[in-house]
Structures are given as structure tokens and as C-alpha cells.
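K.L.:
Read off the chains here:
There are 2 protein chains.
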Amino acid sequence: MEATRWLGIERPFGLFLGMARPSGSDAGVTGPRVRAAAERLFAKFGYAAVSMRQIAADVGIGAGALYHYTPDKQTLLSRLMRDHLEELLDAWDAVDPGGDTVARLEAFARFHIRFHLDRPDAVFIAYMELRSLEPGSFAAVETLRRRYEAVPEGILRDGVAAGRMQVGDVKLGAMALIAMLTGVNTWYRDGGRLDRTAVEEIYANMARGMVGVG
Amino acid sequence: MEATRWLGIERPFGLFLGMARPSGSDAGVTGPRVRAAAERLFAKFGYAAVSMRQIAADVGIGAGALYHYTPDKQTLLSRLMRDHLEELLDAWDAVDPGGDTVARLEAFARFHIRFHLDRPDAVFIAYMELRSLEPGSFAAVETLRRRYEAVPEGILRDGVAAGRMQVGDVKLGAMALIAMLTGVNTWYRDGGRLDRTAVEEIYANMARGMVGVG
Chain A
1 MEATRWLGIE RPFGLFLGMA RPSGSDAGVT GPRVRAAAER LFAKFGYAAV SMRQIAADVG
61 IGAGALYHYT PDKQTLLSRL MRDHLEELLD AWDAVDPGGD TVARLEAFAR FHIRFHLDRP
121 DAVFIAYMEL RSLEPGSFAA VETLRRRYEA VPEGILRDGV AAGRMQVGDV KLGAMALIAM
181 LTGVNTWYRD GGRLDRTAVE EIYANMARGM VGVG
Chain B
1 MEATRWLGIE RPFGLFLGMA RPSGSDAGVT GPRVRAAAER LFAKFGYAAV SMRQIAADVG
61 IGAGALYHYT PDKQTLLSRL MRDHLEELLD AWDAVDPGGD TVARLEAFAR FHIRFHLDRP
121 DAVFIAYMEL RSLEPGSFAA VETLRRRYEA VPEGILRDGV AAGRMQVGDV KLGAMALIAM
181 LTGVNTWYRD GGRLDRTAVE EIYANMARGM VGVG
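Quick note, the sequences are listed as chains A and B, same order. Be aware that the first sequence starts at 1, since it is given in the UniProt record's numbering, and climbs by one per residue. Be aware that the second sequence starts at 1, since it is given in the UniProt record's numbering, and climbs by one per residue.
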């Protein structure tokens with residue numbers, strides 16, 4: 001997806017805005033480092049506490065050079081959050097088994113845990129920094145987030161229609177499922193008592209129970 | 001509980017540290033306002049972005065006067081987080097019905113949702129600002145958090161022992177339950193499609209299903 005390649009190798013963000021392209025191959029290397037630095041610093045200190053100067057210093061470029069990659073801090077945050085959600089949607093599309101609703105529910109549970117455990121900083125920012133988005137960016141992020149919430153909602157709706165699931169309210173069921181699965185990020189550590197596969201298995205079973213699969 | 005009365009009417013925080021007590025009745029009025037301002041500002045901008053000066057300005061006192069109420073910003077954060085968890089533990093003790101494990105599970109689900117919906121800023125800070133705690137404060141907060149996690153864990157363990165519940169792993173079950181219930185804070189708004197009682201009812205049912213109650 002084009003939009004997810006911002007600051008990427010093919011199309012550094014500055015090009016969208018017609019800004020001067022940094023010289024040579026530098027654009028493809030520095031862009032992703034700007035993105036990674038912003039993500040790490042926002043997650044560590046919070047968006048409001050991080051300055052463009054600090055991001056530039058972390059990358060090892062001058063504050064002025066940073067503006068070749070992003071017009072401002074708000075754009076940086078908004079892009080990080082939108083890209084996170086777009087990657088999430090694309091990644092689900094790639095693994096969605098379709099068909100049987102219970103199989104889809106289990107696949108969704110395993111997928112959601114895996115995707116989120118691989119991206120702790122992006123997940124943290126996605127939840128925490130909604131407060132820092134300006135109205136236009138907020139609306140764009142909310143649209144993507146609702147699109148993702150519609151995935152488990154659709155699975156539960158189909159499951160109920162097929163007589164495979166019992167759910168008090170499909171919207172609440174979807175929200176409960178997402179919250180339960182995302183919660184793994186707050187406690188899971190590699191090398192702990194249970195590995196990822198074991199955790200996914202246990203959560204997939206809890207997800208089944210939650211929606212009344214016998 | 002004494003510790004939850006910091007900055008409160010009986011015992012403004014400064015007294016613990018032997019600092020001068022603000023004159024007259026001012027202590028009892030201003031202390032809670034300092035606490036409330038810090039909570040609101042931390043939740044809105046993040047701990048790292050908020051200065052003591054900003055908190056003082058919000059309360060309408062001088063920056064110097066603020067130090068009558070708290071020795072520093074870290075103490076303010078640590079106290080907010082510990083008090084939140086101590087109030088949570090006390091509040092559960094007050095409503096825990098004891099006895100039947102399934103009844104306790106349902107009571108826990110309703111209680112957790114209600115308590116957290118009433119305190120959105122405190123909940124947000126409790127999850128987000130663990131990153132901002134210095135090691136000593138972090139350990140104290142973690143101890144309290146684990147004590148709360150032990151509540152649903154104990155209910156599930158008893159439920160399994162009594163043959164009323166089926167749980168793949170009681171620790172993961174407890175974490176999943178807490179995450180699912182806390183998640184209500186991310187979407188619930190008073191005046192929406194479902195009122196709190198309806199939401200509590202639906203979540204209590206999902207909690208039963210999650211732990212295999214038939």
C-alpha cells in the first residue's frame with residue numbers, strides 16, 4: 001500500500017510535499033530512522049514532551065534536515081498511527097482464512113496477539129496518543145480503527161447468524177475481544193513461563209468461550 | 001486507609017515530610033485541588049510534558065506554594081498511582097460478596113467496570129505512566145497492581161477447584177478478564193446506545209463464558 005511507505009525507501013515523505021529530496025541514497029536510509037526514532041521517543045516520553053530537535057538528535061541529523069522528511073511533529077504522529085492501522089488491516093487480509101466463523105475467530109485471536117506483540121511502541125502510541133491528534137488526523141485514525149473493529153464484529157455477526165456463537169451484543173463482543181487480546185502486550189515477555197504459541201492457544205480458547213462457542 | 005488521604009483534608013501531604021503547613025483551612029481545600037490538577041494535566045499531556053509550574057498555575061497558586069503539598073513531581077505521580085490502586089483494592093473488599101465463585105466473578109466484572117468508568121484520568125495514568133515511575137515507586141505500584149490481579153486469579157482458581165469453571169491458565173484468565181473489562185473505558189460514553197447497567201450485564205456474561213461457566 002502506497003500510504004504505508006511514507007518515510008520508506010521508495011518514497012520518502014518529503015517528496016509528497018514537493019520538498020527537496022535529500023541527496024543520493026540518504027533518503028531511503030534516513031527516512032525509516034526518523035520514523036523509528038519518533039516512534040521510540042513518543043512511546044518513551046509521550047508526544048507532547050518530545051521535540052523535533054530531540055528526534056533529529058536521536059537520528060543524528062540537524063534539526064533543519066529533519067524537515068526534509070516530515071513537515072511537522074503532528075504529521076509524524078498522525079502518519080505513525082495511520083500506518084500502524086493500515087498495516088494491521090493489510091496483515092489481517094493476508095491471513096484471514098475466510099469460511100467457518102469459529103475458525104476465523106481463532107485465527108483473528110492468534111493474529112491480533114502476534115501482530116501487537118511485534119510492535120509494542122506502535123501499539124502504545126496508537127492507544128495513548130489519540131489525545132494528541134488534531135481533529136483531522138483524529139478522524140482519519142478513527143476511521144481506520146473502526147474498520148479494524150468491524151473485522152471481529154463481522155465474525156461475531158456471522159457466527160451468531162450461523163448459530164455457532166451466542167453474543168449479547170456483537171459490537172461489545174468485538175470491543176471486549178480486542179481489549180482482551182491487546183492486553184497481552186501489558187504483561188507478556190519472551191522467555192517467560194509461556195511462549196507465544198501457548199499464549200495464543202489459551203487466548204483463542206478464551207475468545208471461543210467469550211462468544212459462547214460450545 | 002491513611003495512605004489514600006494524602007493531599008486530603010485530614011492530612012495534607014506536606015505534613016508527612018515535616019514541611020510547613022499552609023495557613024488555616026487552605027490546606028484542606030488546596031491539597032485536593034493540587035491532586036486533581038496533576039491528574040488532569042498528566043492525563044491530558046503526559047507526565048513528562050507537565051511542569052510543576054503548570055500544575056501550580058492550574059490550581060491558581062505560586063510555584064513555590066506548590067511545594068507545601070508535594071516535594072516533587074515524581075512523588076505526585078507515584079502517590080496518584082498508588083492511591084488509585086489502594087482505593088481500588090479497598091472498594092473491591094467493600095463489595096466482594098464472597099461465597100459462590102461464579103457470583104463473585106460476576107460481581108467482580110460489574111465492580112471493575114463501574115470503578116474504572118468513574119475514574120478515566122486515573123486509569124489512563126495508571127496504564128500509561130508506568131514508564132515514568134522511578135524504580136522505587138515502580139516497585140510499590142507493581143506490588144499493588146499484583147495484589148489486585150490476585151483477586152480475579154483467586155476467583156478463577158476457586159472456581160476451577162469447585163468444578164464451576166474451566167480455565168486454560170488462571171493467571172492468563174485473570175489478565176484477560178482485567179484487560180477486557182478495563183477496555184470499556186476506551187469506548188463507553190454516558191448517553192450512548194447502552195447504559196452502564198446494560199454494559200455491565202453483557203460483560204458479566206462474557207466473563208462467565210471466557211472461563212467456561214456453562
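Careful, some of the hints might be misleading.
[To be verified] For lysine-lysine, the following BS3-like pairs were computed, each having C-alpha atoms within a straight-line distance of at most 27 Å:
1) B:73 / A:44
2) B:73 / A:73
3) B:171 / A:73
4) B:73 / B:44
5) B:44 / A:44
6) A:73 / A:44
[Claimed, not checked] With beta-carbon atoms standing in for the labels, derived distance ranges:
7) B:190 / A:158: 29 to 37 Å
8) A:158 / B:51: 47 to 55 Å
9) A:65 / B:192: 45 to 53 Å
10) B:135 / A:58: 54 to 62 Å
11) B:146 / A:154: 31 to 39 Å
12) B:135 / A:194: 35 to 43 Å
Since the hints were derived computationally from the structure, they do not count as laboratory data. Note that the coordinates shown come from a computational prediction; the quantities given were computed from them, not determined experimentally. Beta carbons are placed, not taken as given, at the ideal position from N, Cα and C, and that holds for glycine.
K.L.:
Work down the list of hints and note, for each, if the structure agrees.
P.N.:
Here's how the hints hold up against the structure:
A threshold of 27 Å between alpha carbons decides the hint, and for residue 73 of chain B with residue 44 of chain A the separation of about 17 Å falls inside it, so the pair holds. This hinted pair checks out: residue 73 of chain B and residue 73 of chain A have alpha carbons roughly 26 Å apart, not beyond 27 Å. Straight-line distance between C-alpha atoms of residue 171 of chain B and residue 73 of chain A comes to about 40 Å, which puts the hinted pair past the 27 Å bound. A distance of roughly 16 Å separates the Cα atoms of residue 73 of chain B and residue 44 of chain B; the hinted pair therefore holds under the 27 Å criterion.
For the given pair, residue 44 of chain B sits about 16 Å from residue 44 of chain A by alpha-carbon distance, which is consistent with the 27 Å threshold. Straight-line distance between C-alpha atoms of residue 73 of chain A and residue 44 of chain A comes to about 16 Å, which keeps the hinted pair within the 27 Å bound. Between residue 190 of chain B and residue 158 of chain A the Cβ separation comes to about 31 Å, which falls inside the hinted range of 29 to 37 Å. Distance hint check for residue 158 of chain A and residue 51 of chain B: the Cβ-Cβ separation is about 52 Å, which falls inside the suggested range of 47 to 55 Å.
Restraint check, residue 65 of chain A to residue 192 of chain B: a C-beta distance of roughly 47 Å satisfies the suggested window 45 to 53 Å. Between residue 135 of chain B and residue 58 of chain A the C-beta distance comes to about 24 Å, which lies outside the given range of 54 to 62 Å. Restraint check, residue 146 of chain B to residue 154 of chain A: a C-beta distance of roughly 37 Å satisfies the suggested window 31 to 39 Å. The hinted window of 35 to 43 Å between residue 135 of chain B and residue 194 of chain A is violated, with their beta carbons roughly 26 Å apart.
Checked against the numbered hints above, the structure violates hints 3, 10, 12; every other hint is satisfied.
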